[in-house]
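Residue numbers (this note's numbering), protein chains in the order written: chain A, 14 to 495; chain B, 10 to 454; chain C, 212 to 340.
Worth flagging that the hints you see were computed from the coordinates, not collected in a lab.
Check before you lean on any hint, since a few could be wrong.
Said to hold, decoys possible - Here are the simulated DSBU-like cross-link-like pairs (lysine-lysine), alpha carbons at most 35 angstroms apart as the crow flies:
{"no.": "1", "chain 1": "C", "residue 1": "K315", "chain 2": "C", "residue 2": "K332"}
{"no.": "2", "chain 1": "A", "residue 1": "K431", "chain 2": "A", "residue 2": "K213"}
{"no.": "3", "chain 1": "A", "residue 1": "K356", "chain 2": "B", "residue 2": "K380"}
{"no.": "4", "chain 1": "B", "residue 1": "K435", "chain 2": "A", "residue 2": "K20"}
{"no.": "5", "chain 1": "B", "residue 1": "K288", "chain 2": "C", "residue 2": "K262"}
{"no.": "6", "chain 1": "A", "residue 1": "K356", "chain 2": "B", "residue 2": "K46"}
{"no.": "7", "chain 1": "C", "residue 1": "K329", "chain 2": "C", "residue 2": "K303"}
{"no.": "8", "chain 1": "A", "residue 1": "K213", "chain 2": "A", "residue 2": "K265"}
{"no.": "9", "chain 1": "A", "residue 1": "K449", "chain 2": "B", "residue 2": "K356"}
{"no.": "10", "chain 1": "B", "residue 1": "K209", "chain 2": "C", "residue 2": "K289"}
{"no.": "11", "chain 1": "A", "residue 1": "K387", "chain 2": "B", "residue 2": "K30"}
{"no.": "12", "chain 1": "A", "residue 1": "K449", "chain 2": "B", "residue 2": "K30"}
{"no.": "13", "chain 1": "B", "residue 1": "K382", "chain 2": "B", "residue 2": "K356"}
{"no.": "14", "chain 1": "C", "residue 1": "K329", "chain 2": "A", "residue 2": "K402"}
{"no.": "15", "chain 1": "B", "residue 1": "K309", "chain 2": "A", "residue 2": "K449"}
{"no.": "16", "chain 1": "B", "residue 1": "K356", "chain 2": "A", "residue 2": "K96"}
{"no.": "17", "chain 1": "A", "residue 1": "K484", "chain 2": "A", "residue 2": "K494"}
{"no.": "18", "chain 1": "C", "residue 1": "K274", "chain 2": "A", "residue 2": "K431"}
{"no.": "19", "chain 1": "B", "residue 1": "K54", "chain 2": "A", "residue 2": "K449"}
{"no.": "20", "chain 1": "C", "residue 1": "K289", "chain 2": "C", "residue 2": "K303"}
{"no.": "21", "chain 1": "B", "residue 1": "K380", "chain 2": "B", "residue 2": "K443"}
{"no.": "22", "chain 1": "A", "residue 1": "K431", "chain 2": "C", "residue 2": "K303"}
{"no.": "23", "chain 1": "B", "residue 1": "K443", "chain 2": "B", "residue 2": "K236"}
Below are the chains, spelled out letter by letter.
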Amino acid sequence: MQLIFEKSRSGRLGFRLPESDVYVFESLPQKYCRKEEARLPEVSELDVVRHFSGLSRLNFSVDTNFYPLGSCTMKYNPKFMEKAASLEGFSLLHPLIPQLSGGGILAQGSLEVLYHMDKLLSEITGMAAFTMQPLAGAHGELTGVMLISAYHKANGSLKKHIIIPDSSHGTNPASAAIAGYDVIVIPTDKEGYLDVQAYKKALSKDTAAVMLTCPDTLGLFNPKIKEIADLAHSAGALMYYDGANLNAIMGKCRPGDIGFDVVHLNLHKTFGTPHGGGGPGAGPVGVSSKLVDFLPISRVMRRDDNTYFLDYQNKKTIGYVAPFYGNFLVILKAYAYILALGKEGLIEVSENAVLSANYCLSRLKDYFEVAFDKICMHECVLSASRQVKYGVHALDISKYLIDKGFHPPTIYFPLIIKEAMMIEPTETESKETLDKFIEVMIEAAKLSKKNPQALNLAPEIMPIKRLDETKAAREPDLRWKP
Amino acid sequence: MNYIPHTEKDRQEMLKVIGVKSVNELFKDIPASLRPKSFNIPQGKSEFEVMEYLMELSQRNAVSLTNFIGGGFYDHYIPAAVDALASRPEFYTAYTPYQPECSQGWLQAIYEYQTVICELTGLDISNASLYDGGTALYEAAMMAIRLTGRKKIIVDSGVSLIYRAMLYTYTSNLAIEFIETPVVHGQSCREDIYKYLDDKTAAVIVQNPNFFGAIDDFSDIVKEAHKKGALAIASVYPVSLGILKSPGETGFDVATGEGQSLGIPLSFGGPYLGFIAVKKEHMRQMPGRIVGATVDQDGKRGFVLTLQAREQHIRRERATSNICSNEALCALRALIYTCLLGKNGLKDLANLNYQKAEFAKSIFDKIPGVKVKRSSPTFNEFTVELPKNADAVASSMINKGFACGFPLGRFYKGLDNYLLVAVTEKRTKEEIVKLAESLEAELCS
Amino acid sequence: MLVPDNLFFTKDHEWAKIEGDTATIGITDFAQGSLGNITFIDLPKIGQGLKQSGLCATVESVKAASDVYSPLSGEVVKVNEELADHPELVNKSPYESGWFAVIKINNLKEKDALMDAKKYKEYAENLSK
Numbered sequence: 014m015q016l017i018f019e020k021s022r023s024g025r026l027g028f029r030l031p032e033s034d035v036y037v038f039e040s041l042p043q044k045y046c047r048k049e050e051a052r053l054p055e056v057s058e059l060d061v062v063r064h065f066s067g068l069s070r071l072n073f074s075v076d077t078n079f080y081p082l083g084s085c086t087m088k089y090n091p092k093f094m095e096k097a098a099s100l101e102g103f104s105l106l107h108p109l110i111p112q113l114s115g116g117g118i119l120a121q122g123s124l125e126v127l128y129h130m131d132k133l134l135s136e137i138t139g140m141a142a143f144t145m146q147p148l149a150g151a152h153g154e155l156t157g158v159m160l161i162s163a164y165h166k167a168n169g170s171l172k173k174h175i176i177i178p179d180s181s182h183g184t185n186p187a188s189a190a191i192a193g194y195d196v197i198v199i200p201t202d203k204e205g206y207l208d209v210q211a212y213k214k215a216l217s218k219d220t221a222a223v224m225l226t227c228p229d230t231l232g233l234f235n236p237k238i239k240e241i242a243d244l245a246h247s248a249g250a251l252m253y254y255d256g257a258n259l260n261a262i263m264g265k266c267r268p269g270d271i272g273f274d275v276v277h278l279n280l281h282k283t284f285g286t287p288h289g290g291g292g293p294g295a296g297p298v299g300v301s302s303k304l305v306d307f308l309p310i311s312r313v314m315r316r317d318d319n320t321y322f323l324d325y326q327n328k329k330t331i332g333y334v335a336p337f338y339g340n341f342l343v344i345l346k347a348y349a350y351i352l353a354l355g356k357e358g359l360i361e362v363s364e365n366a367v368l369s370a371n372y373c374l375s376r377l378k379d380y381f382e383v384a385f386d387k388i389c390m391h392e393c394v395l396s397a398s399r400q401v402k403y404g405v406h407a408l409d410i411s412k413y414l415i416d417k418g419f420h421p422p423t424i425y426f427p428l429i430i431k432e433a434m435m436i437e438p439t440e441t442e443s444k445e446t447l448d449k450f451i452e453v454m455i456e457a458a459k460l461s462k463k464n465p466q467a468l469n470l471a472p473e474i475m476p477i478k479r480l481d482e483t484k485a486a487r488e489p490d491l492r493w494k495p
Numbered sequence: 010m011n012y013i014p015h016t017e018k019d020r021q022e023m024l025k026v027i028g029v030k031s032v033n034e035l036f037k038d039i040p041a042s043l044r045p046k047s048f049n050i051p052q053g054k055s056e057f058e059v060m061e062y063l064m065e066l067s068q069r070n071a072v073s074l075t076n077f078i079g080g081g082f083y084d085h086y087i088p089a090a091v092d093a094l095a096s097r098p099e100f101y102t103a104y105t106p107y108q109p110e111c112s113q114g115w116l117q118a119i120y121e122y123q124t125v126i127c128e129l130t131g132l133d134i135s136n137a138s139l140y141d142g143g144t145a146l147y148e149a150a151m152m153a154i155r156l157t158g159r160k161k162i163i164v165d166s167g168v169s170l171i172y173r174a175m176l177y178t179y180t181s182n183l184a185i186e187f188i189e190t191p192v193v194h195g196q197s198c199r200e201d202i203y204k205y206l207d208d209k210t211a212a213v214i215v216q217n218p219n220f221f222g223a224i225d226d227f228s229d230i231v232k233e234a235h236k237k238g239a240l241a242i243a244s245v246y247p248v249s250l251g252i253l254k255s256p257g258e259t260g261f262d263v264a265t266g267e268g269q270s271l272g273i274p275l276s277f278g279g280p281y282l283g284f285i286a287v288k289k290e291h292m293r294q295m296p297g298r299i300v301g302a303t304v305d306q307d308g309k310r311g312f313v314l315t316l317q318a319r320e321q322h323i324r325r326e327r328a329t330s331n332i333c334s335n336e337a338l339c340a341l342r343a344l345i346y347t348c349l350l351g352k353n354g355l356k357d358l359a360n361l362n363y364q365k366a367e368f369a370k371s372i373f374d375k376i377p378g379v380k381v382k383r384s385s386p387t388f389n390e391f392t393v394e395l396p397k398n399a400d401a402v403a404s405s406m407i408n409k410g411f412a413c414g415f416p417l418g419r420f421y422k423g424l425d426n427y428l429l430v431a432v433t434e435k436r437t438k439e440e441i442v443k444l445a446e447s448l449e450a451e452l453c454s
Numbered sequence: 212m213l214v215p216d217n218l219f220f221t222k223d224h225e226w227a228k229i230e231g232d233t234a235t236i237g238i239t240d241f242a243q244g245s246l247g248n249i250t251f252i253d254l255p256k257i258g259q260g261l262k263q264s265g266l267c268a269t270v271e272s273v274k275a276a277s278d279v280y281s282p283l284s285g286e287v288v289k290v291n292e293e294l295a296d297h298p299e300l301v302n303k304s305p306y307e308s309g310w311f312a313v314i315k316i317n318n319l320k321e322k323d324a325l326m327d328a329k330k331y332k333e334y335a336e337n338l339s340k
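Next comes chain A alone, as it looks inside the complex (with noise of 0.2 angstroms):
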């Protein structure tokens, strides 16, 4: 498809703007102004419809096609979240507004949903308060490490780095690092497990943290998660639960009755909320009490009439993580999600989300190698290590899936599995779509001995073949130019 700025004709408008009311006034002197000026398309609103709309019709997404992408929790969004945010009231409400002396109670309908919603969040955490800030996952990682970071400092010992496991998502080590720590990695036992052994080995005074995902990356539930978290606590460190699979333990298992001390959830992920084609999410992170007076500020607090404010007096704050409150429409559809699904449906939802893994694992194990043989959680990861003596990878099958209509899962992560593919289906699909995905990873399974090549030059119908990712990152081309 032409680039919207080669559809651009001399003159064509796709706006008006409303005339000037006022004077005309001297214009702006010229060594403020700009000389160049920015070539931006000319096109009609009609043009800019029929490109959009031809552009998105080019994608996979939840609402068109299964999208079992490991680790991602593309569940279904369902579409009344999307008319509350769409509500003028929430989206028209300038962020300064509770700012000003008097201001709170223009914005009592925002506070009290940021409120409800730390209170929801630290009830199926099980921690004592939550920080709405954080605008994503990663975002809610490099808060939570800071809040590590200010609780260490403000007892008085220095730490010196943070332990990870091998399985982990990048984020970890990448925030760990970006807040000023070290990173010392612990490889994964034959169960799939952390090794405790090595772990052992590695915690010691200088440890400010241990960050682990739980269920872990390779969709497994450590049964000696408690014993780990006993073991960081002896040593003073402290536990950070990343809860990017949250969603196979709602009403199942708390990370605070484990003891963990930090959590960052992803409501995109767990509560529903869209991905839209890689963000806004939101990454809101909660803490256990010891850690609650290091907040980020401002934080939405009731007084005894029932209205809220937003309270910065925590004095021993990390200070601001975001510009205001968070993501906000994010954060209400979150609310909205948890609202109508209730205690039973958050347990229904992690209760199907682990059966349909669990299903998909069982149907495909005999197909291809399984990392680790055993009951998963809400995801399962199998390897394409079988088929590669016949040249297929983990790569070809994904692409045989797109051309079958299916997003292919997380492939290649985690990386200490070889040819890696990471399913994780969520309770929102039926068995009838896992049954199709099923059939369809079989034949892929059973083709790449008989026609290996078929998988090879997958895809064939799509509107590109295999793209050229060497010449990509050789020949950087990263914008248009006339």
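Dock chains B and C against chain A, hints included.
Positioned in the frame of chain A, the structure of chains B and C alone reads:
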């Protein structure tokens, strides 16, 4: 449950295939001692009931005030086509375009967005977007530190206090020295900046227009920064770039900013859009996702996430940033918005904003006791000095239906009587005149 | 797999060609083969001091970034500027036009810690088994 399709029959069949008797067996790895101590979540509700409640809540927000508050976040009109197109589920229910063959729509849109950001800023390379203007500025500061190997950063006080506070939070563990230089009569104080600028300085950070609304031509500061081997970073307001000299023309190495003004609703603080653009030579130090054009096996143009070796999923603790998502949907809105306005529309929009604010200044000048600060030119926001505490005035003006501006005393010591007034294209002449009349009446009372 | 006779090698698949008090350094054919298409090389700077086994460069491919360690200690006197525009030279010719840098050797005795061609060939062949 309406969002979970499994029937009891489905469940039984699935359990049988798995070889377990009940769903509970699937959770056997969670020891009894770790079962929730409580799970007091209210019972679920129907969509209708939840919507009724949320509608009622939304009405407890006062959004009918005539808005003159900006402070970096502006009330611009959003064309209907922006909402209509960004609401297409093929965009908003997709995820990061890891698989290019089934994500060309998103990838091309991001490539186009990157182009728009480069055109607006006059710089060479843009990424696929960041969370917001504050985190974008932080990423720029970190880039400067990596590129120069230095640890001192000079930040002009004209940079939004919110962004400065965010910078300090993020770097509190990193032994980075920040030096804040004052704003004098609305302008960055050269004398102070040059006093601290030395060969240990990683970057000088300024904002244009600055928090007080003042426009500056920073080319002198950029030149001095470069002489010392420091980077020059500007935080900018994209709508103003319809007429203002671009950061590229001024010589800045990095431009960042808040993209909210480009078709994104105010939304009580988010989601917003951080943008960042840099000179070509700094490309490898960019944070976040970047989309590039390439060709497929048949030589057909296609788009793909590229230069990924910088990123956390590959480089882990040595990545240029921990960011893994972007604000794609907000970037899409900004792209659609700028395409609708087009080359001339953005210029006209910027001029309209400038003209309206100039008109408001001329009217405010006539209010007894009110002084419009005129030491520097402004874009669509300006500072006025009131004879009274501005916070108290702003508070009373709410009762008259106006969010009349932002009291600077909230962020700046000693500026208790100063009000920051923003005038976008949405404010009519009539509204401006009425605001001035009400303000005059308020000041007399 | 190409392993020229006149070079010295490290376990991390770097090579050094020692000529008098300077050494030309790069990565081996085995290394380039396992990295795949190389897209960018972050080279050391002229004048930079390198330590034996210390980080000296980073090599990027489409989906990986790998560190390169210096086979010997010394000061960088020359870098291969061609690689900026043509990283593929490392794939095409790892021992010739794909060289990384020339260093002035600090301590020739460090050579003892390196493998000769025969040993390295054996070592690398074992790895590919």
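Need the status of pair K356/A, K380/B: alpha-carbon distance at most 35 angstroms? violated (58 angstroms)
Hint consistency between K449/A and K356/B [alpha-carbon to alpha-carbon, up to 35 angstroms]: Given that 35 angstroms is the threshold and the Cα spacing comes to 53 angstroms, the pair is violated.
Just to be careful, I want the Cα atoms of K382/B and K356/B compared with a cutoff of 35 angstroms; is the pair within it? Holds: K382/B and K356/B sit about 25 angstroms apart, inside 35 angstroms.
Are the Cα atoms of K274/C and K431/A separated by 35 angstroms or less? Roughly 14 angstroms between the alpha carbons, so the hint for K274/C and K431/A holds.
Holds or violated: K329/C with K402/A, Cα cutoff 35 angstroms? Between K329/C and K402/A the Cα gap is close to 30 angstroms, so the pair holds against 35 angstroms.
Between the alpha carbons of K356/B and K96/A, is the straight-line distance 35 angstroms or under? holds (33 angstroms)
Holds or violated: K484/A to K494/A, with C-alpha atoms at most 35 angstroms apart: Holds, at roughly 18 angstroms.
Is the straight-line distance between the alpha-carbon of K315/C and that of K332/C 35 angstroms or less? Given pair K315/C, K332/C holds - Cα atoms ~26 angstroms apart, limit 35 angstroms.
Quick one, are K213/A and K265/A close enough, alpha carbons at most 35 angstroms? holds (28 angstroms)
CA of K289/C to CA of K303/C, is that 35 angstroms or under? Within the cut-off at roughly 21 angstroms; holds.
Measure nothing beyond the straight line between the CA atoms of K387/A and K30/B; if it is 35 angstroms or shorter, mark the hint as holding. holds (15 angstroms)
Does the structure keep K309/B and K449/A at a Cα separation of 35 angstroms or less? Answer holds: K309/B to K449/A is near 31 angstroms, not above 35 angstroms.
Checked against the numbered hints given earlier, the structure breaks hints 3, 9, 23 and satisfies all the rest.
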